[in-house]
Amino acid sequence: MDQSLKGQVRVAGESRTDVAPGRVLEMLKQFVLAHRAEVVCACLLLLMAINLFAAISRKSITNDEIVHIPAGYYHLVAGDFHLNNEHPPLVKMWAVLPLLFIQPEEPSALDARHEGFMERTWGFHQRFWQANRARFGSITFWTRAMMVPLTLTLGALIFIYSRKLFGETAGLFAVALYVFEPTVLAHGRVVHTDVPAALAYLLFIFALHSYGNAPSVKRALLLGLACGIALVTKFSMIVIGPVLALAAVALFCVSQAPSSSPQRSCSPGDPGSLRSAGALHKWLGQGRKQLLLHAVLVVAVVLFLVNAVYDFQSPALEASDVRWVKMMSEPLFGSLMKGLAVVSKLVPTYFLFGLYNIVIHNQYGHSASLLGAHNDLGWWYYFPVAFALKTTIPFLLLSIAALVWSLYRLVMTRERVFAFVLVPFGIYLAISLTSHINIGIRHLLPAYPFLFIASGALLDRLLRVEHARRAVFLFLALILGWMAYEAVRSFPDYIPYTNQLAGRQPGWRNLSDSNVEWGDDMGELATYLKARGETRVTAVLSAGWSTLTQYDVEYVDLLSLPAGATPDTRYVAIGASFLNGSTVPGGVDGRETTEKRTNFFARYRDRQPEIVFGGSIYLYRIRE
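Using our numbering, the first residue of the sequence shown is number 43, and each one after it goes up by one.
Please note that the accuracy of each hint is not assured.
In the DSS-like style, the derived pairs of lysine-lysine whose C-alpha atoms are separated by at most 30 Å in a straight line are [unchecked claim]:
| hint | residue 1 | residue 2 |
| --- | --- | --- |
| 1 | K260 | K368 |
| 2 | K260 | K380 |
| 3 | K380 | K331 |
| 4 | K387 | K368 |
| 5 | K380 | K368 |
No lab work stands behind these hints: they were computed from the structure.
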């Protein structure tokens, strides 16, 4: 080849090589500019994922995960739903998918069927964990890791729905608030139904909104899918019933409304909102029959999905479960069993039994504490007070302001877009206020996304204020900076988090149970003890009675000792909820009454601990 031609080829090749990186960077730049909101959202969620995985590496499993993980694995590999049936199986089965590769030992659960209800609930897991001590770390890491994608998906959906309602900036503000909120960070890594329920509820509202904007067979099927997912995520998601009822009434009314009556747009720039009642009336030209057809499709999809999750099984109740129903509801026993026989032809038996258990649990209540008082049936104002104490102050104030502002915009300026935030939030909150199971702010998590969305919309509105822009920017920086600071300051101890309104006193003075202690600091306790040559500890701890032995430390039950007896170990470890007293069991000598039971460990309350782990475990040295 001619030398000059070779040189031209070489130069051309070098030019192409030099240009290629520049073109790639330019394309990347254009992509980022075109999708800058999505990129910022992804960065925020990536930051959240790093936080969650870092917390998983530092924390042990919680009290409920002791049961959920073995039960989920048994649901998945055996197709049996007798165990831990007070929670639907979907989330548990999702979490244990990695165990199909880890292949843990599978102790038989056949004997558990013949045990009593509570014995079965807490019995099988002990055999599971004892058989898998060597795999404890890998099992607990990977199952909790599976919860992170669900938490991130909720954040993404908050952004998508907020953008649909109020625009991109509002969506980004909503996500920023979400990723820094301690209650979300506390439960976003836990194998439980609370954060998944928040995801399922928001997904249901999103699907319902989409269907209401443009009803179709496809959207009816998607609505049915969202309803089914909600019901097999958490039994409290029966809250979708009242929401669906309101939506059905509204659609029935609009279906007969005059098509020529224009309505106010839901929101400036809202592409998904109904522009007029006539748009819906046009679709409903054939009247209510088509609406009823869609309702039938929704019900059919829900029934199919619920049965599919339960492996299309609807066996008769085990004898031990029948005895449980008779003991808890003897006057209605006959009617309940007849009703079960009929309804179980369409709905899985153990879905119905789990729903029954939640109703009974709520009827009898759960020992709880609030502001120093103790009660089994709780307080109607429990969740507002718990929210006020366990939410960062900036988000607390912002939420209140956003709700008031949203209500004003809905009522005074008739902006219907705010109804899609206020109605689902209001219905869930109203039902929560009637709950007698006051054991954690986590039960209110399905209402949180609507607070993030409303707050994001308010911040976006403030950003649009032309005058006093410097003050607005300073305010926004203060809100987000304060929340970020709280997230960093309390890492990784998010479960017992309380804000400055609680003062300097520990959280267990005002709240109890999963608000202050849930067993996830067992690893730190064990490390501390073994570093001092201790392999035994007298303790009363949430989850510790099961998980502490996994860290090679013997758990000596403090409650098993005679009243007033001095433990023979060097240390005594007491969980925050037991210091509070609400989780101390009663019915034995020294704990016959509520007052005696809740003050059983009063002598330790003002005693100086040697160290406190994660704000939840108090370690006292009683011997030198």
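Results of checking the hints against the structure:
1. K260 x K368: violated (44 Å)
2. K260 x K380: violated (37 Å)
3. K380 x K331: violated (33 Å)
4. K387 x K368: Holds - the C-alpha atoms of K368 and K387 are around 21 Å apart, at most 30 Å.
5. K380 x K368: holds (13 Å)
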